[in-house]
Amino acid sequence: MSLLAVEDVVTAYGKIEALKGVSLEVAEGTITCLLGPNGAGKTTLMMTIAGILKPRRGRVLLGGTDIAGQAPHAIVARGIALVPENRLVFPAMTVLENLQAGAFQRRDKAAVAEDVERMFTRFPRLKERHAQQAGTLSGGEQQMLAVARALMSRPRLLLMDEPSLGLAPLVVEEIFRIIAELHRDGTTIFLVEQNAHMALKVAQHFFLIEQGKVTFSGDPGALAEDEVIRRAYLGSAQQ
Amino acid sequence: MLDFLQAVSDGVLFGATYALIGIGFTLVFGVMHKINMAYAAASVGGAYAGLLVLQVMAGAPPWLVFLGAFLAGGVLGWMVYALCFHFIPLSNPLATLMSTVGMLLLIDEVIVHVTAGMPQNYPAMFDDVMLRAGEFSMRGDLLLVFAVSVLAMIGLLALLYRTSLGLATRAVSQQPVAAQLCGIRLVRVNALTFVVTGLLGGLAGAMIGASVGTLSPLLTTPLTVKGLIVTVIGGLGSIPGAILAGLLVGGFENVLQLYRGVTERDLYVMLLLFAFLTFRPGGLFAAKSGRD
Chain C
0 MSLLAVEDVV TAYGKIEALK GVSLEVAEGT ITCLLGPNGA GKTTLMMTIA GILKPRRGRV
60 LLGGTDIAGQ APHAIVARGI ALVPENRLVF PAMTVLENLQ AGAFQRRDKA AVAEDVERMF
120 TRFPRLKERH AQQAGTLSGG EQQMLAVARA LMSRPRLLLM DEPSLGLAPL VVEEIFRIIA
180 ELHRDGTTIF LVEQNAHMAL KVAQHFFLIE QGKVTFSGDP GALAEDEVIR RAYLGSAQQ
Chain F
0 MLDFLQAVSD GVLFGATYAL IGIGFTLVFG VMHKINMAYA AASVGGAYAG LLVLQVMAGA
60 PPWLVFLGAF LAGGVLGWMV YALCFHFIPL SNPLATLMST VGMLLLIDEV IVHVTAGMPQ
120 NYPAMFDDVM LRAGEFSMRG DLLLVFAVSV LAMIGLLALL YRTSLGLATR AVSQQPVAAQ
180 LCGIRLVRVN ALTFVVTGLL GGLAGAMIGA SVGTLSPLLT TPLTVKGLIV TVIGGLGSIP
240 GAILAGLLVG GFENVLQLYR GVTERDLYVM LLLFAFLTFR PGGLFAAKSG RD
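Protein chains in written order, with numbering that gives the first Met the number 0: chain C, 0 to 238; chain F, 0 to 291.
Since the hints were made in silico from the structure, they are not lab data.
Even glycine gets a Cβ: it sits at the ideal position worked out from N, Cα and C.
Some hints here could point you the wrong way.
Residues of chain C placed beyond 10 Å of chain F at every Cβ, according to the derived structure [as the list claims (entries may be wrong)]:
| # | residue |
| --- | --- |
| 1 | ALA11 |
| 2 | ILE15 |
| 3 | GLY38 |
| 4 | LYS53 |
| 5 | ARG56 |
| 6 | PHE89 |
| 7 | PRO90 |
| 8 | GLU96 |
| 9 | GLN99 |
| 10 | ALA109 |
| 11 | ALA130 |
| 12 | SER137 |
| 13 | PHE175 |
| 14 | ASP218 |
| 15 | LEU222 |
Listed next, the in silico DSBU-like pairs over lysine-lysine satisfying Cα-Cα at most 35 Å (straight line) [to be verified]:
| # | chain 1 | residue 1 | chain 2 | residue 2 |
| --- | --- | --- | --- | --- |
| 16 | C | LYS14 | F | LYS33 |
| 17 | F | LYS33 | C | LYS53 |
| 18 | C | LYS200 | C | LYS212 |
| 19 | C | LYS108 | C | LYS126 |
| 20 | C | LYS19 | C | LYS53 |
| 21 | C | LYS108 | C | LYS53 |
Not the full set, but computed from the structure, chain F residues with beta-carbon under 7 Å of chain C [to be verified]:
| # | residue |
| --- | --- |
| 22 | LEU166 |
| 23 | GLN174 |
| 24 | ALA177 |
| 25 | ARG184 |
Extracted from the complex, chain F is given alone in its bound form (with noise of 0.2 Å):
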């Protein structure tokens, strides 16, 4: 049993990282209604920008790798938005499918080269302390990865509910064509979207990176999965129900870990996708049918 709420704790608290690659795809899909395959990868690349902050300053700390990687993500986002988007008729509905997965394979492709495919120890903060109660305990590292992403999220809430900028945003995905009447630039509110959506997601991975303790790139692929998995399980185009999922799906994958090993965990997520494609299509919480 202890063992049970240990991988529980554990899970939720790294599913938070998950819970912000899920927002990624999900805003995305919301204000555009495309997804954005090059996603998790650009998340991934962000972090690994993140630690060129030390090739420029050695034993430079963590937080400003974290911040680097925070940074270059948002550079991220908008090369993605401007590769990948701009220039390609949206109008086609595989178009920018495709592009978006050129993409994801080119910063593979560049992640591999650069570090010739080996690992990257990255660092993390708080990784000598521990909270103990009795046998449970919870891993400081976690929890200041649990501490960012959450307010990482706040931050997002705040720009989408408190700003014009956020009222735009809300405006273009819920009602492009009254948006536009308003006076709001639908390209400005796209690419803006793509840059917020990179912040986060260069966040995220340096807080998977910081969790793990090494960044590899076969984390990409992965990560592009478990994230669209976070995405739809929540709900298109939910952001609540994109946290909620990748809390979910971090506590639920620690503990088929913890009973059936690293190498099966994957398959239960994958069924967890299945049963909630079978029984409840639309995620936990449904899209409204905002457009008529």
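Pulled out of the complex, with its shape left as it was, chain C reads as follows (with noise of 0.2 Å):
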């Protein structure tokens, strides 16, 4: 059974609908990647899942409950954290706070304090920073520490919402090197990108949402690479 699914699903600002009804699922234990232009959904399809939007129609079921419509820290109590857009780190607040913070549902002080110290193994370079301000980070920093704050509430499925966005090559290469290896520890990932070329590298299925629909869906052979980027970039609707 898939761990979530989408079913549906309706998002609207005002009268717009950016969400049209979406249907897609996310098998336990898989990199699953929404790949789609601007515009297309995607980000609104994220923040519908992770509660902070509220769906006009639809469910979203995970692990067989339906959440839609449930407040965030409720979704988040389920096992969802979701890693925004833009990372969206606590500035004026240090590396360790933010990692604290993301473990503020966890009332086990010592497991979250063992926890800190996993991150701090995986991502070397928030240990050496621990005590900055998180707004002085570099921008790949920052992404790691926004992964990290994220994983501090052990989810069973972790959201990720663009992590390549306006890094550098190299750093790009470093945050699909850590998806991948959160993959092989266990971690469920639905990942939503523009980097078409290094999501199909490691995701084990992938779907296309263009202008509020999903229209494509298939393993990272099913279709040419070239055609995937062009849609994923353009929308089959430029034709």
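Quick one: dock chain against chain with the hints and give me the complex.
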């Protein structure tokens, strides 16, 4: 059974429907990727799953339970964590405090402290800068902090919204290396990306979203990469 | 020269209460990006409520009245949140401004009706103590007001920087979407902010009552204005700014009162505000651009 199932979700800003009935599934233990041009509704879908936006219609099933329309804190408690677009670290808090904020709902202090150490082992740069304000970190470091912060809630499902956005190619490679590592350790990842080339290398399954609708679903080999990239950047409507 | 020093010292000691009021405005602004216009009125209301202790228990010591004001301030803070913010659409920038102005007038009216508009005597502590160094002196009651205010500020900073609730409050003020994604409940943090600022306000109101000797409904409007001035001079959202600006305004107005009299002094406070708005509009501690 799939860990996450989105069924016919409609999310609107006022009268404008950004998602016009999106359905997709994320299987447990996989990296599933969502590709699509700007404005297709990728971030809207992520925000809807995380509970920041309320869907007008449809269901969001996590392990079979409908969580659509629940408050963000309830969804975090159920085991979903989102690494938001543009990272959104707490700029005037230290790296360590950012991680502690990620574990806000957890009461097991000793285990939280262990997880902080685990994050520092996985992201040595964060350890070096643990007492520094997050706003002073580089873009790549902030991205790693955002990932680590999300992991601090020990999620069953990690949502990542364009983790490579605005980062230098070398840093992008590092981010994708970390994504592959997390996957190897058993984390289920649902990834939104513009960088189709890198995303298709790590994903087991991908969806194309165009103008608020899923237009293709398949394994990375199912569609020629240049075709995927063309549609992910431009959308098929431009033909 | 001695007169000048004396005026500065008295003003700065009293200015600690302005700093508390400024912190209340600035903290709510930092967390919700809203101005709570009812804040100073609720603070005075809390101080009045502290007098109820004397009704229940005649001859109660002043510190019990202060404690009553502190707690009543917290309750009033929660009420202001519940009535003026919880059910009001926060996306409309004017809605909560209007609801809190309404609350300011309501609290004012309640005070006038309950006290029949008569000023009420307020107890003080150590008002018979006077520290002297030659001609220079420091009033014991003002020193207590200063010490209590400073302790309240230390308590607030400890809450903000040493507890997980404080962590949540700072997270919401810096990045509300990410705070929610961390599982922090926005509504709870907002309500808590009002309770905490309310507690500080009740205490500030009591300290003002203790240093002036009386409370009067005529206090609410000037205190609202002064609190906002302190907030703007300190830099919207900055707690250190509010503290420094509170002491600055307290000292400044007392010096001007010495040289120009009580009727003119607020004019110069306004000029000070004007100077800041012109030359340093962000205030002493201009807020870092926390949000993108």
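Evaluation of the provided hints:
1. ALA11: holds, 16 Å
2. ILE15: Since the minimum Cβ distance to chain F is about 17 Å, C/ILE15 lies beyond 10 Å and the statement holds.
3. GLY38: holds, 19 Å
4. LYS53: holds, 13 Å
5. ARG56: holds, 22 Å
6. PHE89: violated, 5 Å
7. PRO90: The claim is violated: C/PRO90 sits with its nearest Cβ about 6 Å from chain F, within 10 Å.
8. GLU96: violated, 6 Å
9. GLN99: Incorrect as stated: the minimum Cβ-Cβ distance to chain F is 6 Å, not above 10 Å.
10. ALA109: C/ALA109 is indeed farther than 10 Å from all Cβ atoms of chain F, at 15 Å.
11. ALA130: holds, 13 Å
12. SER137: C/SER137 is indeed farther than 10 Å from all Cβ atoms of chain F, at 15 Å.
13. PHE175: holds, 22 Å
14. ASP218: holds, 30 Å
15. LEU222: At about 32 Å from chain F, C/LEU222 clears the 10 Å cut-off, so the statement holds.
16. C/LYS14 to F/LYS33: holds, 28 Å
17. F/LYS33 to C/LYS53: holds, 24 Å
18. C/LYS200 to C/LYS212: holds, 24 Å
19. C/LYS108 to C/LYS126: Between C/LYS108 and C/LYS126 the Cα gap is close to 19 Å, so the pair holds against 35 Å.
20. C/LYS19 to C/LYS53: It holds: about 14 Å lies between the C-alpha atoms, which stays within 35 Å.
21. C/LYS108 to C/LYS53: Cα-Cα ~32 Å, so holds.
22. LEU166: holds, 6 Å
23. GLN174: holds, 5 Å
24. ALA177: Interface hint status for F/ALA177: holds (4 Å vs cutoff 7 Å).
25. ARG184: holds, 5 Å
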